[in-house]
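Q: Each chain, written out:
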Amino acid sequence: MKEETSEERHVERDSQLSAMFDGELSAAECELIARRLARDEALRSQWSRYAMVGAALRAERGVALHERVAFRVQAAIAQEVTYGEDVAATSTRTAAVVPGEVLRRAGTRRWSALAKPMFGAGIAASVAAASILMLRGQGDTEQPALLAAAPASENVVLASEAAPAPAAGTLASAAARRPSSGEPERYITPPSGQAGIASPARLANYVVAHSEYSGPLSRRMALLGLVGAEAANEDASTPADAEDSSAVAAGAPDGP
Amino acid sequence: MVRDASSIVTRRQSRGHSARLAAVAMLLTVGVALGAEPKEWLERMNHALTTRNYIGVFTHNQGGRVETLRIIHRVRGRDVSERLLSLDGAGREFIREGDELVCYFPDKKTVLVERRAPDGPLLGALPTIGDDSALVYEIRGGQRERLLNRTTRVVTLHPRDQFRYGYKLWIDEETAMPLKTQLCDKTGEVIEQIVFSTIDLPERIPDSMFKPQMDASTYRWLRAERQVASNATPALWEAMRLPPGFRMANRSAQALPGSSEPVAHLVFTDGIASVSVFVEPRKPDSAPPQVGPARVGSSSAFSTVIDGHQVTAVGEVPPNTVELIAKQVKASKTATQGLGLAPPPQRK
Chain A
1 MKEETSEERH VERDSQLSAM FDGELSAAEC ELIARRLARD EALRSQWSRY AMVGAALRAE
61 RGVALHERVA FRVQAAIAQE VTYGEDVAAT STRTAAVVPG EVLRRAGTRR WSALAKPMFG
121 AGIAASVAAA SILMLRGQGD TEQPALLAAA PASENVVLAS EAAPAPAAGT LASAAARRPS
181 SGEPERYITP PSGQAGIASP ARLANYVVAH SEYSGPLSRR MALLGLVGAE AANEDASTPA
241 DAEDSSAVAA GAPDGP
Chain B
1 MVRDASSIVT RRQSRGHSAR LAAVAMLLTV GVALGAEPKE WLERMNHALT TRNYIGVFTH
61 NQGGRVETLR IIHRVRGRDV SERLLSLDGA GREFIREGDE LVCYFPDKKT VLVERRAPDG
121 PLLGALPTIG DDSALVYEIR GGQRERLLNR TTRVVTLHPR DQFRYGYKLW IDEETAMPLK
181 TQLCDKTGEV IEQIVFSTID LPERIPDSMF KPQMDASTYR WLRAERQVAS NATPALWEAM
241 RLPPGFRMAN RSAQALPGSS EPVAHLVFTD GIASVSVFVE PRKPDSAPPQ VGPARVGSSS
301 AFSTVIDGHQ VTAVGEVPPN TVELIAKQVK ASKTATQGLG LAPPPQRK
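As given, the protein sequences belong to chains A and B, one line each in that order.
Under this note's numbering, the first residue of the first sequence carries the number 1, and numbering increases by one thereafter.
Under this note's numbering, the first residue of the second sequence carries the number 1, and numbering increases by one thereafter.
Be aware that a few hints might be false.
Said to hold, decoys possible - Incomplete in silico selection of chain B near chain A, CB under 10 Å:
#1 F94
#2 L101
#3 L112
#4 V275
#5 S276
#6 A294
#7 V296
#8 S303
#9 D307
#10 T312
Derived from the structure by calculation, the hints contain no laboratory data.
Quantities reported herein were computed from a predicted structural model and do not represent experimental measurements.
All C-beta atoms, glycine included, are put in the ideal place defined by N, C-alpha and C.
Isolated chain B (complex conformation) (with noise of 0.2 Å):
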């Protein structure tokens, strides 16, 4: 008995030291790892939520409201399908479907079908975090932490400077997904908040699961008119200076419901923020201008009127940089043809 007792604790000490052991070598491996390591999970979480199939719910706390969402995601080859349905209130949800964005309003009766571009990029196509981002965040972390009976990977993305909000992530180890997110102004207070209760990665999702929970055959039908104007060749928009580390993205021209023109739409990005700037035609006499900042959500937004165009900044970031851009923004020269029925006011 008592051999086999101490038999029994020899074991365990050659068990713990080889465990001791594993975890030296475990650590090394880390530590080679570590030079990269919050930018190698950032990518790792981007890959993730744009390829992965994914059903959760989580709960979304902005500017002190708390709502609970249940967000449905599907890749499929280059199809994205994905349902983001409010389980509060009065069950707002938007479903996306190929270049359709449907937005369904049962309190209103009312649904809103947007396009995309169809130059558009994929939707998966995003921001890739490369040297520049490292100019203007400064990315930490990687550290293991507890969340949701999980373990995950923190990393925070800290702002440089006062163009940009920061973030903190919570990515889970085994998936990448981020349990949880928290956008913060450059004081590193929290300004919005994802966080995930519960989240499934299944093989496939079923097309029942992208069908909304109203019977909508009664509401009013928004569309976007399919096809814009294009016998104007639209006027090639470009902003003349940028905040430290933003870069154009994209350049198209966007249908908007009930534009008869298209809309010129830019995209700047500083690999994590961006930010979109419309152009639209003013015709003179008619539509009221308009100049000045506006919320929606954490996102900022700005316009202003230039050359006879309304322009209007809109991006997650704070609202001095919208602003900034929407002032930057100017038609090229090669293209300002178009603009003969607007007289240029030169007035400061």
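Isolated chain A, as found in the complex (with noise of 0.2 Å):
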């Protein structure tokens, strides 16, 4: 029973990172989330895997840096306090005034700064951080109480710094979603019936890997589904765009 519920929570949880991935939670959700890959470490290592080469495979075309939840997430998982208080500043600068000057000048900032550990012991917390930079969705609604909420920010930073204890602000309806269990935050999983493997990066390497296997034919292919692998993440999610082509190539890719 007890493995069962923690079971449950893995594929809850799962399907959460997956969501905002794909761009669909709420920010606030995203920045619990944010605030559990800072604390949990098998968590954050688990995502660094794969989490980078989803990033660069997905965020071609439609999908942009979120900058404000981007230095929410940063602000979460650094942990050295110059690095974090850099970030934050930076950050509620960019809440203040949000033009897109400043949101590029930041953005340089944070890659440079993200580049140091990125070879080294830190390197799993700035793959998962920039994962989520990268993939976050740009259509997200929430923008607005994301702004207003800007000086929580701050407090994310403090409360990674010191210990891992819950921010005030945004975080409390989420909070008391939490199951008394010490199970940390729950969050609510959009109904995007994409419930298959929630990490098309560590299925890019994956494909990368077995190219190297297959045949010359069937390699070359599985390649292509590389390169074009955002459309494929679309068609997972809605096949029936696919029934829409007229190109040589349509038809239905989950025919018989």
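Each of the two chains sits in its own frame; use the hints to bring them together as a complex.
A: What follows is the structure, given as structure tokens:
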């Protein structure tokens, strides 16, 4: 019984992470997951394994950096105090003004900060952060709420430096949903219907590895699938789209 | 004048006669080879794809999307280099040299470096089209067809069951290169198509052709760790049952980016299609288990959890095939001591 509950929790958490990567969670929910990532080393390293690949593969079209969420996540995960302060400051400034220029400059600074731990001990956190930065969906309707809650981002940074204590503000409602068992945040999983493998990134790793061992024909096919991986993801979520196409290779990929 | 003219006609007639004779002789020769011909064309094609240098531009059509790519392929002894470059969109590139596959994502300013397992087979080592394949594919064709102003041989591999896709290939008669490739489902509907618009087979291809077109020095570079922890003997995984015609072709331990432990990698093939199964230990209470189907291009994938391990099957086969194979994976009895940490969940 206990085991099953834990299993269920895993599944739920997984689909939440997936939903976040698909840009389907609200900003507040994203932030909660980010904080969870910051605390849970195992979870973080699990995600670091494939997060970046998927980020790279999926983010070409329709998905862009979500700067504000990015800052939160970054702040939550950052362990170095100075680094955290830097991001927090930037974040606050961004939240107040939000001109594109500031965002871009802030982005540059963030990457250079990320570059340092990339090949060191901080790789897991950095990669996890970067993946979230990159995969956050563009059409997020929660932006105003996120902006309003800007001061909370500083709280998050402080909290992650001191202890994994819950922060105030936007987190309160989510915190109320927590079970008392000690398992941290639970989130609302959107009914996206995409309940398959949650990590296109790890899948990409697998496809690349697989391509090395398949025949020349299928190898090419497999790698080409990766070049158009974002298309694949869309097909997976909206299979109906494929049928609309009138191009040569159209047809139902899900055919028997 | 008149005589001259008639003699020309005569000559023409006799020439036409000998030409007919030659045609008959050729038909006879071709007829002799026809019995095994489609299969031979497939073998010639596989050989060409893995042994020849080629540079080509092709369109890739899948799921209603069209993308133009350039491929540069070079074989020097045991050394295979390959560069796959998207000419559309962000200009992603995959460059394979030696045991490294480097993926450039200029749109994300990210470079991903994948390494092959050191004990993996040669890149050129491919599944052979044996008699097993004929049991599960109906191999037909060999007839000539004009394509891109070239003479090609059309070969179809029609799946005899629902566990694999079919192929239709237009194989260049002179070079045995597949100028056009279609991946079809059981009903013959085209799922994916590759058509070359140009293809060269140069004697030499300089190293400079395998340099990425972008300056990636400022990108983030991500590498898989070269060595994998080898203190624990990796469990020997196997599949209890396989779809008809499939057999295990390879088993290795693979380093994947971020994995501290080797990932068991099994390869199954029916001679044409192949399915990889990846087995990674799940640390209890850490990784969220992943269960269900997924898709990358026309490849299918299925993930499940078996004996505390994350098992994922990937291949250019229909979804039911990867699911079936993934669910059949078990650790061999001789190697189960490595599973001590994970309580084997027997619950159905």
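Q: Take the shortest C-beta to C-beta distance between S303 (chain B) and chain A; is it under 10 Å?
A: 5 Å, holds
Q: Take the shortest C-beta to C-beta distance between L101 (chain B) and chain A; is it under 10 Å?
A: 6 Å, holds
Q: Let me know if the C-beta of V296 (chain B) comes in closer than 10 Å to any C-beta of chain A, holds or violated.
A: 4 Å, holds
Q: Against chain A, is V275 (chain B) within 10 Å by beta-carbon distance?
A: At 8 Å from the nearest chain A Cβ, V275 (chain B) passes the 10 Å test, so the hint holds.
Q: Is the interface hint satisfied for D307 (chain B)? The criterion is a beta-carbon contact with chain A at less than 10 Å.
A: Violated, because the Cβ-Cβ distance from D307 (chain B) to chain A comes to roughly 14 Å (cut-off 10 Å).
Q: Hint validation: T312 (chain B) versus chain A, beta carbon distance must be below 10 Å. Holds or violated?
A: Hint on T312 (chain B): holds, closest Cβ of chain A at ~6 Å, below 10 Å.
Q: Holds or violated: the hint that A294 (chain B) contacts chain A, with Cβ atoms closer than 10 Å.
A: 4 Å, holds
Q: Taking the least C-beta to C-beta distance, is S276 (chain B) closer than 10 Å to chain A?
A: It holds, given that the least Cβ distance between S276 (chain B) and chain A is near 4 Å, below 10 Å.
Q: Holds or violated: the hint that F94 (chain B) contacts chain A, with Cβ atoms closer than 10 Å.
A: 6 Å, holds
Q: Classify the hint on L112 (chain B) as holds or violated, based on whether any CB of chain A lies nearer than 10 Å to its CB.
A: The hint holds - L112 (chain B) has a Cβ within 10 Å of chain A, the shortest such distance being about 6 Å.
Taken one by one, the earlier hints fail for this structure only at number 9.
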